[in-house]
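Enquirer: Listed below, chain by chain, are the residues.
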Amino acid sequence: EDKVVQSPLSLVVHEGDTVTLNCSYEVTNFRSLLWYKQEKKAPTFLFMLTSSGIEKKSGRLSSILDKKELSSILNITATQTGDSAIYLCAVVPGAGNNRKLIWGLGTSLAVNP
Amino acid sequence: GAGVSQTPSNKVTEKGKYVELRCDPISGHTALYWYRQSLGQGPEFLIYFQGTGAADDSGLPNDRFFAVRPEGSVSTLKIQRTERGDSAVYLCASSLVGSQAFAYNEQFFGPGTRLTVL
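These protein sequence lines are chains A and B, in that order.
In this text, residue positions in the first sequence follow the working numbering: the first is 643, and each later residue adds one.
In this text, residue positions in the second sequence follow the working numbering: the first is 2, and each later residue adds one.
Some hints here could point you the wrong way.
[Said to hold, decoys possible] Okay, derived cross-link-like pairs now, SDA-like style, lysine to any residue, Cα gap no bigger than 25 Å in a straight line:
hint : chain 1 : residue 1 : chain 2 : residue 2
1    : A       : LYS682    : B       : ALA55
2    : A       : LYS699    : A       : GLU643
3    : A       : LYS679    : B       : ARG82
[Unchecked claim] Here are the computed distance ranges between Cβ atoms for each label pair:
hint : chain 1 : residue 1 : chain 2 : residue 2 : range
4    : A       : THR686    : B       : THR8      : 12 to 22 Å
5    : A       : GLY701    : B       : GLY41     : 40 to 50 Å
6    : A       : GLY701    : B       : THR53     : 18 to 28 Å
7    : A       : ASP659    : B       : PRO71     : 32 to 42 Å
8    : B       : ASN11     : A       : ASP659    : 28 to 38 Å
None of these hints come from the bench; they were simulated from the model.
No residue lacks a Cβ here, since even glycine has one placed at the ideal position from N, Cα and C.
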């Protein structure tokens, strides 16, 4: 059965710290891995990683895909209180027009001032 | 431009009642998805529409749940004979669907409807 596992489930840090969130997956016919940030209700898209784009960076956030280890990490440097959120990892499996994402449970990040 | 909108934002109902949840996708997005998210869980896929048709409804938990998208835009998720276990946030997302050469088209989420079944 396809699955996505995220760790840690929750994390509390102080402003300015650097954090690394982990996502591992077991899926058939991997296509891409996605990171989302969920603050209240709606997840917002952060990165998409594929075989041809294994590293992405945007400001203080960066992500790397390790296809050999079937995993990805999301790094946040110089954390701010506004980074407090649940970070969700999802994988797109299968071929063709399958758009059904397999989601992890998320990592709940709290950044204290 | 306007994002995905969902109404109502909150819905409280009694066990056994019928509810409808509405999703307005981003204009021009042909793909529409419904998810259910319980506290402490990731989103759980329910159904995916491509245009007016349900391309994949394998996530609907039972026959009390069904969804329509009659004109290929607005979608309604309908739940009959609600049960307490149906309480969750129901998320809708939409995306453009490009050629099959693309691995994925970014899904834009609405704010969700929080359903509480008493």
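Enquirer: Which of the numbered hints are not met once you compare them with the structure shown?
Expert: Hints 1, 2, 3, 5, 6, 7 are the ones this structure does not satisfy, whereas the remaining hints hold.
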